[in-house]
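The primary structure of each chain is shown beneath.
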Amino acid sequence: DAGVIQSPRHEVTEMGQEVTLRCKPISGHDYLFWYRQTMMRGLELLIYFNNNVPIDDSGMPEDRFSAKMPNASFSTLKIQPSEPRDSAVYFCASSFYNGELFFGEGSRLTVL
Amino acid sequence: AQSVTQLGSHVSVSEGALVLLRCNYSSSVPPYLFWYVQYPNQGLQLLLKYTSAATLVKGINGFEAEFKKSETSFHLTKPSAHMSDAAEYFCAVTIYSGNTPLVFGKGTRLSVIA
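Residue numbers (the numbering used here), protein chains in the order written: chain A, 1 to 112; chain B, 113 to 226.
So here's chain A without its partners, still in its complex pose (with noise of 0.2 angstroms):
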């Protein structure tokens, strides 16, 4: 089975621009995770759903942002507008009974 596929790899784009990356996680999986990686505050955890159900969003940073799940298959990270500051790697996780968790190979963002 193909693990966890994110799309697009990297992104560059202009301060003011939406930004969509997308996740298809692991089938089965029933948890689906969003983490964002920085160097000054590495990895945190923005958002997860269970059975495509958002459980909590508080590490979603501002109203700029927004995910969801339309089916057990797909998830959408959305920025808009995207900042600067927003530039960091986005990484999808997903698993089965909030278990093991399985990583994407990150979205890298560069907002210029």
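Watch out, some of these pointers could steer you wrong.
Derived DEER-like restraints, expressed as beta-carbon distance ranges [claimed, not checked]: (1) Thr38/A with Ile225/B: 22 to 28 angstroms; (2) Gly28/A with Lys181/B: 29 to 35 angstroms; (3) Val53/A with His194/B: 42 to 48 angstroms; (4) Pro152/B with Pro54/A: 28 to 34 angstroms; (5) Ile5/A with Gly128/B: 33 to 39 angstroms; (6) Ser192/B with Leu112/A: 41 to 47 angstroms; (7) His194/B with Asn71/A: 41 to 47 angstroms; (8) Gly128/B with Pro54/A: 45 to 51 angstroms; (9) Lys181/B with Pro8/A: 30 to 36 angstroms.
Hints were generated in silico from the structure; no laboratory data involved. Even for Gly, the Cβ is constructed at its ideal location relative to N, Cα and C.
Let chain A serve as the given structure and place chain B on it in line with the hints.
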């Protein structure tokens, strides 16, 4: 709430030397503990996990960790470092009570010197 503290943001060892990466946890109930490794430009991958069975846990690539309740520690060790072990290592904790995600430490960067 659970938390982990990784002592030392950067550890440097010589090739062939012992690797010791420290992790202390805080949890009001018996925890489940994990070590993940992140190679450059990659996602995190599981090294090993403690889930209340044997206190000495063996993982991939020759790593192992020992759960010590009295010391609230879960240090990661490897007898002999290889150049390929250079990476970022993360300790994480959960209590497996359903909707409780892993809580990660800040990470420790391991450098291996030839």
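Status of the hints after comparison with the structure:
no.	hint	result
1	Thr38/A with Ile225/B: 22 to 28 angstroms	holds (27 angstroms)
2	Gly28/A with Lys181/B: 29 to 35 angstroms	holds (33 angstroms)
3	Val53/A with His194/B: 42 to 48 angstroms	holds (43 angstroms)
4	Pro152/B with Pro54/A: 28 to 34 angstroms	holds (32 angstroms)
5	Ile5/A with Gly128/B: 33 to 39 angstroms	holds (38 angstroms)
6	Ser192/B with Leu112/A: 41 to 47 angstroms	holds (45 angstroms)
7	His194/B with Asn71/A: 41 to 47 angstroms	holds (42 angstroms)
8	Gly128/B with Pro54/A: 45 to 51 angstroms	holds (48 angstroms)
9	Lys181/B with Pro8/A: 30 to 36 angstroms	violated (44 angstroms)
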